[in-house]
Structures are given as C-alpha cells and as structure tokens.
Amino acid sequence: MIQTNKLTKRYGSFTAADAITFEVQQGEIFGFLGANGAGKTTAMRMLCGLSIPTSGEATIAGFDIYKQTEQIKKNIGYMSQKFSLYDDLTVTENISFFGGIYGLSNVQLKRKRDELITRLGLGQEANKLVASLPLGWKQKLSFSVAVLHEPKVVFLDEPTGGVDPVTRRQFWDLIYEASAGGVTIFVTTHYMDEAEYCNRISIMVDGRIEALDTPRRLKERFRVSTMDDVFYQLARGAKRGD
Amino acid sequence: MYFINWPAAPNAAIKTSTMKQFIVFVRKEFAHVLRDRKTLLILFGMPVVQILIFGFALTNEVKNAKIVIADYAKDPAAQQIISKIEASRYFEVERSVMRAAEIEDAFRQGRIKLAVVFPLNFNHALLHENSASIQVIADASDPNAATTLSNYLNAIVQDYQTDMNQNLSVPYRIITETRMLYNPQLKGVHNFVPGVMALVLMLVCVMMTAISIVREKENGTMEVLLVSPFKPLLVILSKAVPYLLLSLVNVTTILLLSVFVLKLPVNGSIMLLYAESILFIITCLAVGIFISVRTNSQQVAMLISLMGMMLPTILFSGFMFPIENMPRALQLISNIVPAKWYYIIVKSIMIKGLGFSAIWKESLILAGITLFLLGVSLKSFKIRLA
Amino acid sequence: MNAVVVDCISKVYGRTSVPAVDQVSFTVSKGDIFGLIGPDGAGKTTLFRILTTLLLPDGGTAKVDGFDVEKDLWEIRRTVGYMPGKFSLYQDLTIAENLNFFATVFGTTVRENYHLIRDIYVQIERFKDRRAGKLSGGMKQKLALCCALIHKPTVLFLDEPTTGVDPVSRKEFWEMLKKLKAEGITIVVSTPYMDEAALCDRIALMAGGKLLSIDSPGNIASAYPGKLYAVKGDDMYKLLKLLALYEHTVDSYAFGEYAHASFRNNDNNAVLRYLETHGVHDVVIAPVKPGIEDCFIKLLQNWDGDRDTDQ
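Chains as they are written, first to last, in numbering that gives the first Met the number 0: chain S, 0 to 241; chain U, 0 to 385; chain L, 0 to 310.
It is possible that some hints are incorrect.
To be verified - The calculated DSBU-like cross-link candidates involving lysine-lysine, where the alpha carbons are at most 35 Å apart (straight line), are: (1) K230/U with K180/L; (2) K170/L with K127/S; (3) K240/L with K127/S; (4) K288/L with K170/L; (5) K65/U with K381/U; (6) K230/U with K127/S; (7) K127/S with K65/U; (8) K360/U with K111/S; (9) K180/L with K137/S; (10) K85/L with K180/L.
Said to hold, decoys possible - Residues of chain S clear of chain L, computed beta-carbon distances all greater than 10 Å: (11) M0; (12) T7; (13) F13; (14) T14; (15) T20; (16) A60; (17) S79; (18) V106; (19) K109; (20) N126; (21) P133; (22) V162; (23) T166; (24) M226; (25) R235.
Source of the hints: derived by calculation from the structure; they are not laboratory data. Note that the Cβ used here is the ideal one computed from N, Cα and C, for glycine as well.
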C-alpha cells in the first residue's frame, strides 16, 4: 500500500529526511516514531502529497508521489492534533462539509452521517458547535470524519496528545476497527505504549530511519523490556533536535 | 467498544464534481462569516456610518465662515456691498470697526478667517476716480479655505459692480486687494505638514504601544512578568519610553524635510513645538496603553488602532475637512479627538509663528485629555490575568 | 510547615456552567515534589494560575508559603518561581539576555544564585548568544527553568514543562528536578504523562476540574481494588474483544504489549481456557502491580459511573 525508496527532502543545505525506505502492507497499523525535529512531520507530508521530495521514489496506494498527487489525496485520509474540525460549525455541519469535499453523494452522505452519529453516541450533540465538545469526543469525531470517504490509507499525526487514558484507548479502538476493515493506518505518536499497538514501527533519528520492525523484535534486538527503553537507546545519540 | 462496518468494496461510487465541492466550500464559508458577530458589525455597520458621515457631515465647502467687516467708509456704496455680503450664506459677518491690531489679533486667535476693510475714502474714490479698492485679508494657513473665501468675496463685489454699471456709461471699478496672511504663496503643504505630524505620531504611538503590550500577553511572557515583584506600572512605562524617543526622531525628520525639502519654515519657537509634541505623544501612548488593556490579540489591537484611532483623526482633526462645517454633534465629538487640538497648536506655532500665550488654552485641554487617559488606562491595567 | 495549602478552591470561567476547578483541596509539604496529573481540561493550568496569584478563585482559599493568594499577592510574587505552559521566553533575546533580564526583574543577579542553575545552564551555555526563538524544545525548557530559578524561589510552579519535548530531554529534566529538591525547593509540577507521576513524592490525579485522588504514588497504587492481571496472546485485538465479552471481567483494557484486566473470581485458568477456546494462542496471564495509569483509568470509570447515575 505504501512503498518508499530513498525518499529525501532537503531544504538548502539541511536534510530534513534522508533516504527514507520502507513498505507498509494493506491493513497494517504502522507506527512512525521519533523525537521532535527528527523528520517525522517532513516524511509524513511527503507521503500525503503535501510536499514534493527532493529525491527518491514512493507510491501510495499505487499512485506515484510526484506525478499523481491529486489521486493520492483522493485516496487518503488525514487527521492531525492541531487541526481536524471547524470549531464554529456544528457536528452535523462538519460531517456534511467534509463529506461534500470528499465527493460523497447526498444519499451516501446522509447514510454515513446518521451512522457516525449513532456509533459515536452523539445524538444529543449533533447540532451543537464542535467547540463545545470535550477534547476526547473531538478526537473521535475527527478520526471518523477522516475516514468518512473510506480511504485506503489514513495518516494520523499525533492524534492522542493531551487526552485522558480512557479516551486514548477508545480512540485506538477506532483505529483497530478501521484496520480490521482493511484500511492501512500510518500513525505518529510519542506515547511509547501506543507503539505496542502497532503491527510494525519505525524510529527516526536525525532524519534517518534507525530501526524498523515489530515491537517485539525491536525489544529483543536491544535487549530491553519496554519500547521506552528502545527509544531511549536510539534517541540518546541524536545530534539534532532536542 | 465502537464498531464501524467497513463494506467489502471500498470507495463505493464517489462522485467528485468540482462544482459540488465548490458549493460545499461556499456554504461553509457563509457559516463562518455569519457566526462571527464582531466581523459582521464591521462589515455592515461601517459602510452605513461612513455614508452618513461623508454624506451629511463632511464637506469641503466653506459655509458660515466667520469674517469681520471693518467699515471705515460708512457710506451707501459700502453699505450695499456689506448687505450683499451679509446676505450670503458663506459668511457669518461680525461687523465692527476694528483697528488693525485688533484684526491681527482676531486672526491670530483663529476667530476669523477673513477680514474686509472698506477704507475711509471709498465712496470719494468711487465717485471721483471711478475706481476704489477694498482690502481683503485672508487667513492662508488653510490655503484652500482662504482661496475659496476670497473668491466668494470677489464674486460678490463683482456682482455689485456689474449691477452698478448697468446704467452707466463710464464703468466703476472696484478692486479687491487680497492679502494672504501667514502663507502668502498659498502653499498647500502648510495644511498637510501639521496634519501628517498628528497622524504619524498618533499611528506610531498608539498602534505600536498597543501591539507591544498585547504581544507579551499573546506569547505568555506577560504571565511570567506578572508573577514577579516588578510593578505593572513600570512594565507599561518601560514600553512607552522607546516609542517616545522614536516619535521625537520622527518629529525631527518631518520638520527637517518640511523645512529643507518642502521649503516650509518653522515660524515659531522650535522648543515650544517639541514640548507640545511630547505632550501629544504622551497622549497617544496613553491611548495605546488603554487599548492594550482591553484586547488580547495583536490583530484586534491593530484593528482598533487603525479603525478606532486613525479614522477619527483624519476625519475630525480638521486638516481634511473643516470642523466648522460639520453638524453640531460631530463638532462636539471632534473636541475629544486629541489630534484636533494638536493640529491647531502645530499650525499656530509653525505657520502663524505664535507663542505659548496663543495656545495655552489648547495645551491645557490636551493636557487634560492626557491626564484623564493616563489615569484610566493605568487604573484598568490588570495585575491579574482576569 | 506546608508549602502550599489549597482549601476548597473553585473557579468558573465566564458563562459556562461547568467549573474549571471544582472544590479542590490539598496540601504540599515543604521540600516535596508534588505532581498534578491529568489530561487537558482537567483544571491544572487554572489551579496553577490561582496559586501564582494570576487568577482569583471564585470560592475557597489558598496559601503559598503561608501567604494568602488573594491578599498577599506581592509577597507570593516575590518568592515563587513560575514556568507557564508555553515556555514564555523572549524569542528575540539571547539566552544570556533572557537570564539577565529575569534576574534583574527579581532584584538579583545571575552570579548570586548561579550555583542553583549551574548544572542546567552548562548544558546550554555554549549557545548563550543564540536567540531564544532559535532554540530546540529541550533547550528552551532548560532556559525557562533557569529563568524561573534564578531568584532562588521557595516554591517552584511548573505547568506541563515536559509536554512536546522528546523522551530523552524529559528524563533529564526530571533528574534536574530531583537535584533541586535537594536544595530544599518545593516543586509543584503538572504533567499529562502518567509515567512521570511515579517520580513525584505525592501526586494529585485530576480530571474535569475535580480531584480524583491524592496520595503518594505508592499508596495510590496499593489502594487499587482487587487484583490486576496482565494478559497476552498472539492476536491482541481478538484477545481484547474476547475479554470485554467474558462474563467475569470487571475491567479490561489495552496496555501496550499486554492487556490489563481484573476479574470477579480471580480464576486465571478459567480465563486462559476461555481465550484458548475462542482461538487465541500462546496466552500468558500473570498478576501485575497496578501503575498510576491503571489507577487513573479506574478512578475515571468510577467517576463517570457516578455522573451517569446522577443523571
């Protein structure tokens, strides 16, 4: 579903992302870890078709990252911590808006909207402004909206920051469901326990991928018992960022 | 647990027509706009206010200008001309016999815009020499008004002359000798330099001070400063000082340019000009502080400074639109616009070359406004976040 | 003496009906590291602002070092150190300039209390002429800490100092805090990270403006009702769903590599059989000591339960 080969992004003399190479299978939950400044966001933006790489190749859902960025955008979903929904629109309006943007017909939109509202239990809140929802609900709604058009790949950028532990797990329930339904999930996070929920993870340091494997094998390799320690081992030698 | 059923065939019949997407976007934008009450107020309220003000209140026309007629002649011909002048809606006549010194005084104090003098031998000259002259003195510190008014006056006199000559074979000639006071060459720049000074100082001091304080609020350093023994008063003063000095530099630049490039000399005392400028700067700083206390975002601070300060300054300071021609209500409003007083002061010093004795009243008013604003803004400066 | 005393403090913002802080009470002993643990919206920042005299409470009283937050605000402002959530430094001043500025604001000099910040400052010293805006997150954090310490405060308030900072810097930060404790400075710190809770002397768990629990991390963990088990299998997703449906499950939730669960009858073998019958292999069940996150989850669920029954 995602294939990259030596993907690189340079800003002048600064190499933000260096020869990123990996593959993600359909239905996988792929975790993308790294410290702030390690190059995670740069890599993700390239994969979403938001930024043109300096060199290297990649395909998302079979579409080329240079020539077919529009098709890529049609087949992916995106959610980030910073932005997801419009605070001054209601729940229903947000769903309708994004549904319209993704090109859903009115019939489909109505069906999905009702489904979504029922699933998340937002019946009472459907006509309230999103600004009045608690953070946890906003996150869950954002995710649901990001997958409204049934994309093949969903990119999640630190989706669970600052949320309480219960809501975080509910959020991951949603991710699991999506993955079981065949959607490929690409998620960045700095919660190490969430790294365990992924099928495979990669850790970026100083712009390069320094580790790529299942959580279990990474722990074996570094002879530690938690992902926290794995990360610590790798990040300690980092020169860039923090 | 939450379940989302994923149908086996993804991407079922997604129709992407660009038009449909566009419409969806437009609908969303409408929602954003309609739900932002403050912006709506500006969007719809502003044109209404502007039309009303510009349509009814502001006019470049000169009406009801206060003039003095000094009638030394006291003869029928002079009387007739004077009646015509009095009848005109352009002039509000104060008829009295004044000595030259009194007339000069009246000009200096800004009480009159024009003086018409009928000399002693007016009638005699007319009858015996077929030509007499009337002296017209105009306050040319506002060259546009001066030109307009003297033209009106000329027109009236010519009118009378034409009337007089209808039945005569030998025409009479009445010559108006016009003298432009303070600005003989009718340089338009005379009007603008004081106006620009007021505008620039107002803009820099108000907007920059407001933004500077609000910026600290925005990036959080204000919080840290508040939780310290540093008195808030000193925080404000420390912000005001750089802008005070910068503004003085600005004043200097404007004066240098006006003297050497625009050839507009400073006729009065430069020290006095600087002193009054410092007073005005402090006024503007106080306004800036006042705005910053009420707002929490730099954008809003900038908007209020521009809309709330610059517009009234342009409209009500008197340098674009004569205040005397505005409806009473607006004239009252213009009294609280500090720029109006500063404008009068600068004109008096720079163009009329007057001293403190002429402007003490305006200075007092300006000082009063300043103290009031300083008091209010310092009092409302919050020592807490809310 | 208690460094901080909070008595029934409440705060409501504007016209919202839900209080940001709802009758919170606790005390902090002198020299302790006290943690306020909770997610966004729990009321941590509001509480900090009340304690540092930036906001007035709507109800209740609070004292810092014996000074009342309403009446003695200047005394408090003289003696506390505060590091608000956003690092709040002057972006266009250099590291050295920022430090000097804050030292002067507090009426002291950098030299006077240099020993307090030395260990931290040496890590950023070589960048001392770089503008604060151009520093990385970890360096900004260190600088902000130095600026908050430079006047030798008696109580240090740190509002989410480790949010958005990489794990390595986070660990280093807590080492620095421990050293400060040795100097006798009371530290009140808030964080959304449960693992940092274990590093405090005493913690208060907060959510939705209310205090869920307050005690030392050890005591809170011991107070966990019942036994907790860690369960693992070859298909974690299936395992989690099965546990949720199992008749004897009290709680079950994901916890990284394992699932954590508690059961009504504590019969491990029954659970094992159940799972294996339903197609999960390589099942491992073992008792596990509850951590702060487990306690938090339990408290949140009880609290939610209370709210539901109220309605």
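### Message
Under the constraints set out in the numbered hints, which ones does this structure not fulfil?
### Response
2, 5, 6, 7, 8, 9, 21, 22, 23, 24, 25
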